[in-house]
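Start from the sequences and build out the full structure, keeping to the hints where you can.
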Amino acid sequence: MRALRAGLLVVLMLSGCSSPFERMWQGMGVCEFEDLYIDPSTGEPASNELAHYRPWKVEEGLAWYRVSENYHGIPVSGFVVPASTFDVHLLFIPLPLDEARREFVHYFGTDYSDVRPYRDGSAPLLTRNQGDLHTSVLDCTREESDDEEARIPDVISDQ
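Per the numbering used here, residue 147 is the first one in the sequence shown, and the count goes up by one each step.
In case anyone wonders, no lab produced these hints; they're calculated from the structure.
Please read these numbers as outputs of a predicted model, since none were measured by experiment.
Do not take every clue at face value.
If you anchor each label on the Cβ, the simulated ranges turn out as follows [what the hints assert, rightly or not]:
| no. | residue 1 | residue 2 | range |
| --- | --- | --- | --- |
| 1 | PRO242 | ASN194 | 33 to 41 Å |
| 2 | GLU245 | GLY175 | 17 to 25 Å |
| 3 | PHE254 | PRO166 | 15 to 23 Å |
| 4 | GLU245 | ALA197 | 26 to 34 Å |
| 5 | HIS198 | GLN276 | 13 to 21 Å |
| 6 | ASN194 | GLY277 | 25 to 33 Å |
| 7 | SER187 | HIS280 | 34 to 42 Å |
For glycine and all other residues, C-beta sits at the position ideal for the given N, C-alpha and C.
Next up, the structure:
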């Protein structure tokens with residue numbers, strides 16, 4: 147029985163078993179999200195995973211959430227998803243920027259500091275939260291499809 151449990155643990159570890167929160171954010175590394183938004187016409191989450199969370203506020207086309215989760219070993223204190231046509235996805239990391247960068251290098255092999263892939267929409271950018279310098283933000287914001295620059299929300303400390 148003990149050997150069976152150990153074998154099952156190895157299989158789960160090797161299969162990359164992840165939490166529902168991690169699966170919900172699985173596209174973060176390339177800024178591609180399927181069903182990670184609030185439907186603007188109904189006000190309902192577009193996915194079952196997102197439906198497990200309740201936003202603490204929805205304003206200006208964005209839904210703001212407070213959580214205590216982990217994203218592949220990195221703590222997450224909140225997130226933002228679109229509740230309109232804005233293509234904005236943010237994870238709030240309750241660590242100062244230098245510490246958050248070390249964590250991302252450790253777990254992902256990159257600190258997400260290169261602005262070029264961020265600008266072309268193929269990778270997030272890890273930045274300092276201007277409203278709370280002890281928090282960092284992993285940001286996937288894409289420009290509006292009509293070539294207008296996307297409105298990046300002001301990140302506030304009471305996220």
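Comparing the hints with the structure gives:
1. PRO242 with ASN194: 33 to 41 Å: holds, 34 Å
2. GLU245 with GLY175: 17 to 25 Å: holds, 20 Å
3. PHE254 with PRO166: 15 to 23 Å: At 20 Å between Cβs, range holds.
4. GLU245 with ALA197: 26 to 34 Å: This hint holds: roughly 32 Å between Cβ atoms.
5. HIS198 with GLN276: 13 to 21 Å: violated, 29 Å
6. ASN194 with GLY277: 25 to 33 Å: This hint holds: roughly 31 Å between Cβ atoms.
7. SER187 with HIS280: 34 to 42 Å: Holds: the Cβ-Cβ distance is about 38 Å, inside 34 to 42 Å.
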